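Q: For the record, in the sequence shown the residue sitting at position 19 is 19 according to full-length UniProt numbering, with numbers rising by one throughout.
The hints are simulated quantities; they were obtained by calculation from the structure and are not laboratory data. From a predicted model like this one, the values you see are computed outputs, not experimental measurements. You may find that some hints are simply not true.
Stated by the list, open to error - Taking lysine-lysine pairs in the DSS-like style, the calculated list, with each CA pair at most 25 angstroms apart, reads: (1) 10 with 118; (2) 118 with 7; (3) 110 with 144; (4) 161 with 144; (5) 144 with 118; (6) 85 with 110; (7) 110 with 154; (8) 154 with 144; (9) 161 with 110.
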Amino acid sequence: MAYLNIKEEKLLPVVVELNTLLADYHMYYQKLRNFHWNILGKNFFELHQKFEELYGDARIKIDEIAERVLTLRYHPLSNYSDYLKTSAIEESESFLNDREMVSEILGSHKILLSQMSKVIQAANTIEDEGTVDLIGAYIRDLEKTSWMLDAWLKDSSDHLKSVAQGS
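Whole structure, please, built from the sequences with the hints as guidance.
A: So this is what it looks like as structure tokens:
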């Protein structure tokens with residue numbers, strides 16, 4: 001592992017966490033496709049497009065995570081049976097309403113963010129800056145998407161917290 005400047009025997013915990021994240025992302029991707037295909041109602045156009053945007057982003061991240069595992073000289077998980085066994089994200093029903101779908105996605109985001117933290121912790125332990133950099137950007141993006149979806153669920157009369165000047 002000379003080109004990475006990381007001792008090969010230290011990589012396994014990072015790879016295990018990356019493969020778990022890969023499985024989580026595959027299940028999340030399929031959930032988004034499911035919702036994209038099955039959304040109905042007055043928010044159809046808005047959410048149909050949003051779900052497509054999200055699964056397009058997930059598809060890119062799936063490839064990048066798998067390529068990071070390969071960069072670390074391991075095989076990425078690549079079978080759906082392995083994803084189903086490994087992922088903490090479960091399949092969703094197809095016939096949910098728009099609010100239920102968005103809530104399901106936010107639940108998946110919570111799982112993804114938790115798994116990303118595990119990847120970061122494992123990578124920090126061995127000073128794997130490439131993995132930390134990759135996943136750190138994912139965290140920032142997913143937190144922003146989560147904020148926006150959460151705002152979509154809110155009532156227009158809801159308010160954000162405020163802080164007084166000088167506090």
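Q: Given the hinted pair residue 118 and residue 7, is their Cα-Cα distance within 25 angstroms?
A: holds (20 angstroms)
Q: When you check the alpha-carbon spacing of residue 10 and residue 118, does it fall within 25 angstroms?
A: holds (15 angstroms)
Q: Take the C-alpha atoms of residue 110 and residue 154, compute the straight-line distance between them, and say whether it is at most 25 angstroms.
A: holds (18 angstroms)
Q: Between residue 154 and residue 144, does the CA-CA distance stay at or below 25 angstroms?
A: Distance of about 16 angstroms is within 25 angstroms: holds.
Q: Does the structure keep residue 161 and residue 144 at a Cα separation of 25 angstroms or less?
A: holds (17 angstroms)
Q: Are the Cα positions of residue 144 and residue 118 separated by 25 angstroms at most?
A: holds (19 angstroms)
Q: Is the straight-line distance between the alpha-carbon of residue 161 and that of residue 110 25 angstroms or less?
A: Holds: residue 161 and residue 110 sit about 21 angstroms apart, inside 25 angstroms.
Q: Does residue 85 pair with residue 110 here, judged by a C-alpha cut-off of 25 angstroms?
A: holds (19 angstroms)
Q: Residue 110 and residue 144: Cα distance at most 25 angstroms?
A: Distance ~12 angstroms between residue 110 and residue 144 Cα, so the pair holds.
When each numbered hint is compared with the structure, no violation occurs for any of them.
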